[in-house]
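**Q** Two independent chains are provided; combine them into the complex using the hints.
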Amino acid sequence: MKPPPFEYHAPRDLGEALRILAGVRGKVLAGGQSLIPLLNMRLMAPEHLIDINRIESLATIETTPRGVTVGALARHSEVEHSGAHPLLGQALRLVAHPVIRNRGTVVGSLVHADPAAELPAVLAVLNGSVRLARDGAAAGDAPLVRDVGAAEFFTGPLESAVRPDELAVSAFFPALPARTGTAFREVARRHGDYALAGVCAVVTLDDDLRVGSARVACVGVGPVPITVDVTSECDGRPAATVDWAAVTRAVREATEPEGDIHATAAYRLRLVGVLAGQALSEAAREAAAD
Amino acid sequence: MEHEITLVVNGDARRVRVPGRRLLSDCLRHDLGLTGTHVGCEHGVCGCCTVLLDGLPVRSCLTFAVTVDGHEITTVEGLAGPDGLSPVQRAFAECHGLQCGFCTPGFLCTVTALLRDNPAPTDDEVREGISGNLCRCTGYQNITKAVHRAAELLAEET
Ligand SMILES: Cc1cc2nc3c(=O)[nH]c(=O)nc-3n(C[C@H](O)[C@H](O)[C@H](O)COP(=O)(O)OP(=O)(O)OC[C@H]3O[C@@H](n4cnc5c(N)ncnc54)[C@H](O)[C@@H]3O)c2cc1C
Ligand code: FES
Ligand code: FES
Chain A
1 MKPPPFEYHA PRDLGEALRI LAGVRGKVLA GGQSLIPLLN MRLMAPEHLI
51 DINRIESLAT IETTPRGVTV GALARHSEVE HSGAHPLLGQ ALRLVAHPVI
101 RNRGTVVGSL VHADPAAELP AVLAVLNGSV RLARDGAAAG DAPLVRDVGA
151 AEFFTGPLES AVRPDELAVS AFFPALPART GTAFREVARR HGDYALAGVC
201 AVVTLDDDLR VGSARVACVG VGPVPITVDV TSECDGRPAA TVDWAAVTRA
251 VREATEPEGD IHATAAYRLR LVGVLAGQAL SEAAREAAAD
Chain B
1 MEHEITLVVN GDARRVRVPG RRLLSDCLRH DLGLTGTHVG CEHGVCGCCT
51 VLLDGLPVRS CLTFAVTVDG HEITTVEGLA GPDGLSPVQR AFAECHGLQC
101 GFCTPGFLCT VTALLRDNPA PTDDEVREGI SGNLCRCTGY QNITKAVHRA
151 AELLAEET
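Chains as they are written, first to last, in UniProt numbering: chain A, 1 to 290; chain B, 1 to 158.
Chain B extracted, bound-state conformation (with noise of 0.2 angstroms):
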């Protein structure tokens, strides 16, 4: 049985038909097109399938489209402002945060949230927020690098 749901996805409602068994992940990726949001284990453990969901980072493939019939979804295609990257965004380009690539929207989406709650995190902190996110590529130490230059950031432009 298919159901007909309604996401508000970075500011735009779309309906969509989805069976119950549609993860929010595939839901985004082959219904809506946004294939920014990436896929790796389907369990839980990567992370880089993060999504935020009514504000709140959570795992798009641990997640049914219909359950969150309704809510707001943003994805990494939404956090650029009409000016541009966001600061999160600059921050792990000009920190090279990335090799890949291939994690980066699940950090982006995680980091966007963690500096929402706290602005000015300790290394700990840091490393905590995003404990949850593999990457293979970078060994972290930039990715940690750009979280405290993106708190920077934030904090100069508001």
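In isolation and in its complexed conformation, chain A is listed as follows (with noise of 0.2 angstroms):
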């Protein structure tokens, strides 16, 4: 089907799209690859279209020591090729296809906030944030900005903490300490869906090769990025020894997935423990290579 009629802006710059968003209710157009589907569909009609692929002082991707920081025009195959985060780049490649991740974006992926996407996971397993403006011509000008952390970013199914007069300006990912070693493990229907359930860890080893700290984000089977830390349950041990079935009964208790046409809760449940024991022990086995 075809798009429903709205009025179309397309800003030049942040400051004009933050005066637009602060004067009209509409929706942000980014990649358009979560969007125009919708709109296609007629699942959504928003009275106006705030299209930022014009803003070029978006289209950013910083690294520091510190992380890397994506700004809103960075599309999903800018950041895969960029290298700038292990973790990042190995989620991109189960994010839909490569002609998909040639236009979505990763803030866009992120604000979408699917319950079965991949990179809300990873920013949520880093304790990354997310940069919100809003026109700040009331209070002198200069765009009121705030950073909300991934715990407090996702707040429902395709819901975000983002308000209509918000613009995500950019995400930071942080970098990964020494002796730390990541993974993302999902299973989907067909190649380049989303997922049925996903899990990514990251694990750190200290300096005798115990693990230090073991976390995991799960997809697919909560409303929002399940995050579960499992250092406690690894109890200290070297990675060789530690009891993964132990470890992936505290992910699977942690969880609460639903059944739907694709696949029962039961078995997104039995399949979230068998991710998060090859997602950990890979991440593990990579960590002690560090």
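Among chain A residues calculated to face chain B with C-beta under 10 angstroms, some are:
no. : residue
1   : 1
2   : 4
3   : 7
4   : 9
5   : 36
6   : 53
7   : 100
Chain B regions said to be covered by chain A (calculated; three or more residues, Cβ under 8 angstroms):
no. : segment
8   : 21-28
9   : 41-52
10  : 57-67
Think of the hints as simulated: they come from the structure by calculation, not from any bench.
Glycine included, every Cβ here is placed at the ideal spot set by N, Cα and C.
**A** Structural data, given as structure tokens:
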């Protein structure tokens, strides 16, 4: 089908975009790879569309020793090929198909907050944050900016903390400490589809190669990415002797999958345990080689 | 409200007036008469509407024409050179990489970009590269053969 009519706005810079957002109720258009299907299927009919594709200053990927900051116009494929962050790269290869990744944006995927999407889990497991800006005309012109941590950013299925007058300008993914490994495992019905369930893991070993910290974030098994810290279940043991079955039990207990036409709740629960075991042991192996 | 935009399609600057909601796929087909770009699902899944935007393959059904005002678009009509079909097009014909041809414009655009970025892909890389394009006829075997054959033709000719 065809999208319903809307009034189109094409701001040239951030200030103009924020002024428009302050004045009208509408939707931001980034890569359009989630929004335009919703419009084409007439599941959404915003009165205004604010297209940020001309705001070149948002097309940035900045890497510092602290981490990588991805601007709102950085496409999935650019971030994937930049090699800016190992876990982000692993996750992006599981997002849709290469052609979709040429257009879709990392920040757009976070704001869209699909409970089965990979990137929200990456932000959650790394304790990253999203920078939101709104028009500051009332308070002396500079945009008003706030940073929202991943734990507060995802508020429900397809819901994030972005207010209607705010633009997400960038997302920050913290760098990994030394002796750290990461992995992303998922099962999808078809290559490139959203996952039935998926798990990303970050494992850090101490100087004696014992597990110092282990965290996972799970997708497709709750309304938002479910983060679980399993460091205490690993019991400070060397990675090779960790009781992974006990660890994955803790992950399963933290999730609350629902059934749908693609998979039952029971299957998703089983799957998330298996995937957590695989992701954690793979991350631990990688950490030992780091 | 209509917008006056210019698209550089297959090398020619084309001016056109479109409403904001005009999909690039419909702009190419209905406003510019370039019906080589096919439309199947209109939600990004089938891949037959794939065109090159500034050289990169994208879904024209998930792009608004106004968004790409001033940019370069290559459609299947623009793949052939002055001397006839491109190596990718010839390989598809030679290897029977199509039957009904509905999916073919999307495959040709996707594969043209794939081989430009990776002139000698492995089997896995070919499968990953075309994984976002659906074909209901061929069973894909001859399409993957055609991609490898196109890589050979391109290597011979450069
Ligand atoms: C066939 C297909 C398969 C896919 N498979 C997957 C998959 O497996 N995994 C996955 O994670 N995704 C998948 N996607 C979705 C894809 O990753 C999208 O690119 C992404 O979800 C949204 O990014 P976008 O830039 O396209 O955002 P848009 O579609 O432009 O916007 C999405 C939403 O976010 C809002 N928004 C976007 N940017 C901003 C901003 N800067 N500030 C405020 N609001 C903003 C929009 O208003 C809209 O509500 C798939 C898409 C398709 C078409
Ligand atoms: S018509 Fe665009 S992907 Fe199917
Ligand atoms: S040749 Fe018929 S759909 Fe591919």
